[in-house]
Amino acid sequence: MRDIDRRQFLERAGSMAAGLGLLYVASTVPGCGPRNGGEEAGGEDSMASAEEVPAPREGTAAFEGLVVVKGADRAAMLRAGLEAWGGLENAGVPGKKVLIKVNGAFARPPEDATTTHPDLVAEAVRQCLGAGAAKVTVFDHILQDLPDQTMQTNGIAAAARSAGAELAVYAVRKPGAARTVRIPGAVALPSAGVLEEVFQHDLIINMPKAKHHSGAGLSLSMKNFIGVTKDMGAMHSVDLHRAIAELGTVVKPALVITDATNVLLDHGPGGPGRVASPGMLIIGSDPVAVDAYSCGLFGVAPAGIGYIVQGERLGVGTSNYASLEIKELSV
Amino acid sequence: MRELKIGRRDFLALGASGAGALLAYALLRGGSEVPLLRPPGAQDEAEFVSRCLRCQECVRSCLTGCLEPAGREYGAGKLWTPRFNPGLAKCEYELCGRACAEACPVGAIDRPPHDQVRIGTAAVIRSKCIAWRDGKACLICQERCAYQAIEADSRGRPRVNAEKCTGCGACQNTCFTNPDPAIVVYVPGAAPADDGGGNNVNRNRGGR
Amino acid sequence: MRKRKRGAVHWVRRGVQAAFLVGFILMAWAASYPPSASLPENLFLRVDPLAGVAAAMRSGLWLYLLPAWIILGLTLVSGRFFCGWICPLGTVLEMIPSLGRRRNKKLSQLRPRDLSGRVIGEGATRLRFKYLFLGVLLLLLALGVNLVWIFDPLVIANRAVSFLLAGSVPFIFIALIVLAGLVGPRFWCQEMCPLGAGLSLACMAGSRLPAGVSPLSLVKDQEICTHCGACARACPFGITEVADSGKRGRLAIADCALCGECVYACPERGALSLRVMGRRVLGSKERLEEVRGPEEMAACGN
Chain A
1 MRDIDRRQFL
11 ERAGSMAAGL
21 GLLYVASTVP
31 GCGPRNGGEE
41 AGGEDSMASA
51 EEVPAPREGT
61 AAFEGLVVVK
71 GADRAAMLRA
81 GLEAWGGLEN
91 AGVPGKKVLI
101 KVNGAFARPP
111 EDATTTHPDL
121 VAEAVRQCLG
131 AGAAKVTVFD
141 HILQDLPDQT
151 MQTNGIAAAA
161 RSAGAELAVY
171 AVRKPGAART
181 VRIPGAVALP
191 SAGVLEEVFQ
201 HDLIINMPKA
211 KHHSGAGLSL
221 SMKNFIGVTK
231 DMGAMHSVDL
241 HRAIAELGTV
251 VKPALVITDA
261 TNVLLDHGPG
271 GPGRVASPGM
281 LIIGSDPVAV
291 DAYSCGLFGV
301 APAGIGYIVQ
311 GERLGVGTSN
321 YASLEIKELS
331 V
Chain B
332 MRELKIGRRD
342 FLALGASGAG
352 ALLAYALLRG
362 GSEVPLLRPP
372 GAQDEAEFVS
382 RCLRCQECVR
392 SCLTGCLEPA
402 GREYGAGKLW
412 TPRFNPGLAK
422 CEYELCGRAC
432 AEACPVGAID
442 RPPHDQVRIG
452 TAAVIRSKCI
462 AWRDGKACLI
472 CQERCAYQAI
482 EADSRGRPRV
492 NAEKCTGCGA
502 CQNTCFTNPD
512 PAIVVYVPGA
522 APADDGGGNN
532 VNRNRGGR
Chain C
540 MRKRKRGAVH
550 WVRRGVQAAF
560 LVGFILMAWA
570 ASYPPSASLP
580 ENLFLRVDPL
590 AGVAAAMRSG
600 LWLYLLPAWI
610 ILGLTLVSGR
620 FFCGWICPLG
630 TVLEMIPSLG
640 RRRNKKLSQL
650 RPRDLSGRVI
660 GEGATRLRFK
670 YLFLGVLLLL
680 LALGVNLVWI
690 FDPLVIANRA
700 VSFLLAGSVP
710 FIFIALIVLA
720 GLVGPRFWCQ
730 EMCPLGAGLS
740 LACMAGSRLP
750 AGVSPLSLVK
760 DQEICTHCGA
770 CARACPFGIT
780 EVADSGKRGR
790 LAIADCALCG
800 ECVYACPERG
810 ALSLRVMGRR
820 VLGSKERLEE
830 VRGPEEMAAC
840 GN
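So the protein sequences, as listed, match chains A, B and C. In this text, residue positions in the first sequence follow this note's numbering: the first is 1, and each later residue adds one. In this text, residue positions in the second sequence follow this note's numbering: the first is 332, and each later residue adds one. In this text, residue positions in the third sequence follow this note's numbering: the first is 540, and each later residue adds one.
Honestly, I wouldn't trust all of these hints.
[Claimed, not checked] Distance condition first, Cα-Cα at most 35 Å in a straight line; then the derived DSBU-like pairs of lysine-lysine:
1) Lys824(C) with Lys786(C)
2) Lys467(B) with Lys824(C)
3) Lys174(A) with Lys495(B)
Honestly, the hints are just simulated from the structure, not real lab data.
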């Protein structure tokens with residue numbers, strides 16, 4: 001070591017330090033970092049007013065009542081049902097970006113009646129595009145870690161893509177960006193974090209699966225709509241049913257198409273359980289009315305479902321569906 | 332017999348290792364006898380810890396990203412071994428083809444058949460669960476359970492059926508009770524008999 | 540200082556080292572779901588005989604670790620080519636500039652010395668730390684205590700890549716780099732590495748095998764060698780046995796990684812050569828007179 005003079009010593013010490021520094025820098029390069037897991041750290045959500053949430057314009061519903069279609073061929077049922085309702089052109093679809101909120105939360109085949117049937121999803125997409133929609137996105141926000149696999153197993157991914165829609169599915173741990181919407185007068189859900197995906201569209205069509213639900217009694221259209229927010233937890237912590245209803249006051253679908261072609265009678269929402277096949281579609285623009293009608297399939301009175309009662313009280317719709325015009329079809 | 336001499340370089344090597352060992356011991360002293368949740372097939376703790384190379388291959392190959400290297404708080408003997416953290420993600424052992432077992436170069440992770448996998452057992456901590464404590468309608472844990480291992484009583488309060496529970500962690504991952512989940516996976520055999528107190532150290536620090 | 544002329548074998552080795560290093564980093568980086576069916580991401584760890592012994596002792600996976608036994612078998616006939624051509628940690632350590640220098644020392648100054656400073660010469664055996672170390676590790680392993688994971692170079696390197704990608708660097712990696720910088724880049728490889736120690740033992744076990752069966756070997760012609768010590772000064776591992784050894788033919792030196800630097804440095808035509816299955820691929824050549832200055836002529840010799 002006596003051979004080295006000071007200059008060389010400094011050179012070597014310097015290059016060693018540089019090497020270690022490079023190592024440190026390499027470890028902080030973006031892209032390095034925890035690979036998986038944990039909730040994504042979001043920034044502050046931006047605010048949005050209720051008016052900015054995609055909603056149908058007042059009074060644009062083609063038909064104020066319900067259309068109930070019975071049959072076996074799901075695509076044909078949907079076509080007939082939409083025609084009877086007045087056509088998607090009259091729902092404001094032409095030229096608009098449409099978001100179809102399905103229920104795809106479980107990796108089960110469609111026969112298990114836990115998810116919206118893919119045949120219906122495909123036909124709905126085709127109908128929207130046929131009516132002149134600028135873009136159709138099939139959307140869900142699910143209580144799973146593996147949204148892609150889930151949507152493949154339940155058939156919705158293939159159905160959406162084959163019909164020409166885009167697919168936007170979020171895992172509940174990774175909702176992405178959202179905008180905070182204040183809900184005036186709300187006690188259970190003072191503000192909702194509505195996902196950015198929703199704001200990228202002009203209209204929402206709600207396509208729930210009617211089924212038993214352990215926590216809420218039944219999972220119907222209003223329950224399905226929880227997925228447009230990232231507030232799963234907050235909604236349960238005060239009063240779930242009230243929160244669902246309050247959400248319904250600011251996020252309104254242009255149309256509800258409830259899939260009751262086959263329904264899960266127990267062990268919902270994930271099953272497996274007893275499956276019945278009423279072979280029915282219920283279409284309407286009033287979510288409370290559609291849900292109130294759907295209750296009958298399970299032998300439950302609308303007054304027995306908290307969010308239906310609350311929804312009526314908050315003016316989201318009426319549970320007295322008998323007071324509306326009901327068109328019944330068989331296909 | 333030839334004379335045995337200790338070289339200077341060997342002395343230096345010994346010194347370097349000794350210094351390193353002392354430093355490591357000082358840094359990693361303590362930690363606990365707490366059994367950690369392990370990947371499916373690695374439940375024999377002593378055997379697993381003695382085979383594991385802490386190479387991180389299993390951690391990186393996991394489908395859902397539910398494994399992480401155990402930190403210093405678990406002691407030097409378990410440092411960097413793979414720990415199953417349900418707060419990160421559920422273990423999807425039926426879907427992943429046992430990627431962790433596949434990735435392990437020393438075969439430290441077994442492959443029990445799907446129906447024999449027992450990563451742990453979940454238990455509800457009643458003092459934290461909003462259904463038990465506040466009478467709220469929730470049951471999100473039951474919604475997510477793929478094994479029908481959570482039963483609700485007439486008042487909508489969840490209870491774990493230990494026979495059916497595989498310890499996959501979906502319930503713990505999804506329970507949103509702040510700051511810690513109200514349903515937690517315990518190491519096999521360690522779940523409190525009548526649902527939780529609050530003293531499960533497998534509740535996660537950082538991550539949920 | 541005389542510039543050492545570097546030829547093809549040197550650059551081929553550098554290329555091979557770089558390829559394995561890059562390949563190693565890519566495989567460690569690419570380890571994710573799903574595991575690759577064609578090229579397993581854990582291949583480097585399955586190639587590692589130390590990890591292999593650790594695994595097989597506990598889990599009986601002798602056949603799964605066939606790549607490791609192949610490497611061990613090749614080391615038996617060739618020596619520590621793994622260290623000189625393949626090991627990614629070794630490649631990284633070799634790139635560290637070091638405060639220790641030996642280039643201009645006399646051969647006598649390079650020889651291993653005991654604690655009192657006397658050269659360990661004929662009639663004495665150096666008690667080497669790394670063999671004891673390996674023995675202790677294997678004994679503990681048999682008793683159920685696994686410390687191999689701390690000291691196995693491939694495991695260290697694999698972990699380092701994983702942790703770097705997660706935003707931190709494991710302490711031992713930094714410690715090795717500092718040690719390399721202070722003492723000599725391959726000090727770890729020569730004096731501490733337990734995998735290296737195991738490979739050294741394999742090398743010594745096969746030391747009587749001739750060059751003709753060896754895929755890569757260092758051969759010395761005793762008649763031509765003038766014991767000038769240029770080889771020892773050039774050796775990145777600090778091995779003096781090449782100069783000192785009286786053995787004929789293939790030199791199976793415990794620490795030798797078959798890098799070929801000694802052959803490049805040797806000024807006597809044909810004294811040293813690298814051979815593949817006995818056929819010479821690199822031989823020492825005469826140096827042109829004008830390249831060597833008179834003081835360097837005097838520096839050679841004992």
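A quick look at each hint next to the structure:
Taken as a hint, the Lys824(C) and Lys786(C) pair is honoured in the structure, with Cα atoms around 21 Å apart against an allowance of 35 Å. Between the alpha carbons of Lys467(B) and Lys824(C) the distance comes to roughly 88 Å, so the proposed pair goes past 35 Å and is violated. At roughly 29 Å between alpha-carbon atoms, Lys174(A) and Lys495(B) fall within 35 Å of each other, so this suggested pair holds.
When the structure is compared with the earlier hints, a violation turns up for hint 2 alone.
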